[in-house]
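Colleague: Residue strings, one per chain:
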Amino acid sequence: MKYVISLSLGFVIGIVLFVGGLLYNPFFEDSSVSPLSVSDAEIMSLGFSAAPSETIVYSNNGESSDRPHPEKVLQLWEAPIRSSSVMATLLFDARGRAAGIGIKFSSRSERTSLLDGQALVDSVWHVYLPERGSVFIQQSENFWSYLRDIVLPAYRSPANNWKGQWMGHTTAGPHALGMAAASGGSGALQGLEMNAIESLTATAFSTSRGLLSAEGRLVIELPVVTDEDDSASIE
Amino acid sequence: MKTFLAGIVLGVVAAATALYAFPAVDLYREASIISVAVNGGNREAFHINVPMDRIMVGAPGQARTVPEGLDWPTDDVLATVRAEIFKIRNERDIVVGIASRVAAKSGDRDVIEWVLHLPARGSMYVTMDPTPRQGGFRLGDLRNGAHEFAPLTGVLTERWVADTSGEEDAPAGRIELMASYVGQPESLQ
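One line per chain: the protein sequences are A and B, in this order. Note that numbering that gives the first Met the number 0 numbers the first sequence so that position 101 is 100, with each residue one more than the last. Note that numbering that gives the first Met the number 0 numbers the second sequence so that position 188 is 187, with each residue one more than the last.
Hints listed in this document are in silico derivations from the structure and should not be mistaken for laboratory results. Note that beta-carbon positions come from the ideal geometry of N, C-alpha and C, so glycine has one too. If a hint is listed, it holds; no wrong ones were tucked in.
If you anchor each label on the Cβ, the simulated ranges turn out as follows:
no., chain 1, residue 1, chain 2, residue 2, range
1, A, 25, B, 106, 51 to 61 Å
2, A, 62, B, 67, 16 to 26 Å
3, B, 167, A, 158, 44 to 54 Å
4, A, 8, B, 44, 55 to 65 Å
Under the rule of at most 20 Å between Cα atoms (straight-line distance), these lysine to aspartate or glutamate pairs were calculated in the EDC-like manner:
no., chain 1, residue 1, chain 2, residue 2
5, A, 71, B, 52
6, B, 104, A, 130
7, A, 71, B, 70
8, A, 71, A, 53
9, A, 162, A, 214
10, A, 162, A, 148
11, A, 71, B, 67
Let the hints inform the model, and build the full structure from the sequences given.
Modeller: This is the structure:
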């Protein structure tokens with residue numbers, strides 16, 4: 000009998016050790032440094048409210064901690080879309096002025112691998128900026144750091160919430176250096192192929208109401224116009 | 000002590016095996032209904048039942064908002080923008096994805112664009128020619144895509160079809176979207 004108890008106790012401790020090792024694995028990539036921070040190219044920066052209650056519209060299957068907004072919005076309960084969410088939000092330029100509208104579709108990714116520290120979401124942005132044109136951004140996002148640093152501490156907290164200052168880049172591909180692929184569709188951006196990075200700054204999370212206070216940012220790297228390009232266009 | 004240590008190793012191995020063997024995400028897939036087009040490529044039809052499948056209709060000065068309680072921004076920059084979000088259905092009338100449609104006036108040009116997001120398959124970005132063709136449909140180019148749609152080019156048509164059934168619970172009409180995909184030619188090596 001004592002062997003069974005000893006084995007069971009060891010088994011449980013083994014699982015706890017494994018989960019602890021997984022959560023605090025120092026070899027998992029940290030998402031705090033943006034590849035675009037060292038870019039020489041012109042940057043377009045668009046800020047937005049990322050907390051569902053501060054967006055124009057946010058909808059999901061209604062069972063997540065992030066609550067649909069407004070309350071009576073149609074929910075995504077059908078089987079093919081119940082792992083997805085959609086958000087429409089006002090986008091602001093670097094000076095804080097309204098610049099356009101952004102609609103983001105997100106779906107949990109089957110490439111998620113918790114063993115590798117990857118909690119992946121496939122997302123696309125449909126961005127329309129009346130003064131510049133439109134952009135389609137496709138990306139994979141890794142929410143591992145977000146889950147580890149915000150969601151887990153919130154569930155461990157007696158008050159079931161988290162408050163602090165967390166900043167991370169969620170974009171994890173498909174372009175080189177973990178950047179998103181952006182494609183211009185109209186206006187001055189038409190025909191441009193670009194890189195982009197999405198980041199999130201969160202300050203409050205509740206297990207019952209999801210993100211309460213968060214700012215998102217889309218940083219788009221515009222192509223560098225070289226002298227060769229200029230001469231080609233003149234010719 | 001040996002039994003205890005063996006238990007720890009067993010626990011670590013069991014947890015790692017469980018994480019490896021069982022997928023963390025297993026998306027539901029609805030079988031695609033794709034037909035071969037006469038002149039090459041593949042065709043796939045989607046539709047949106049209006050008003051049932053409307054998630055959002057964002058435009059300035061609406062008397063009745065969709066969804067109820069929508070607070071559409073009053074900023075001047077969005078004065079000529081109309082943004083809509085819908086659920087999209089396949090030919091069996093099953094919801095298979097979500098889509099956005101943005102229509103705007105940019106200077107003297109009209110802009111109409113779609114993004115179709117089909118979870119477990121990918122997304123399409125389509126820019127439409129704002130001028131309707133004969134037959135009342137608009138034609139657009141599949142400009143970019145994600146995942147399954149990334150290597151494809153093609154066109155998408157949109158058409159409004161009013162309901163004439165007269166049934167009490169029938170939709171007011173439907174937006175029909177017909178996608179025609181053409182793959183990139185492969186090397187013969």
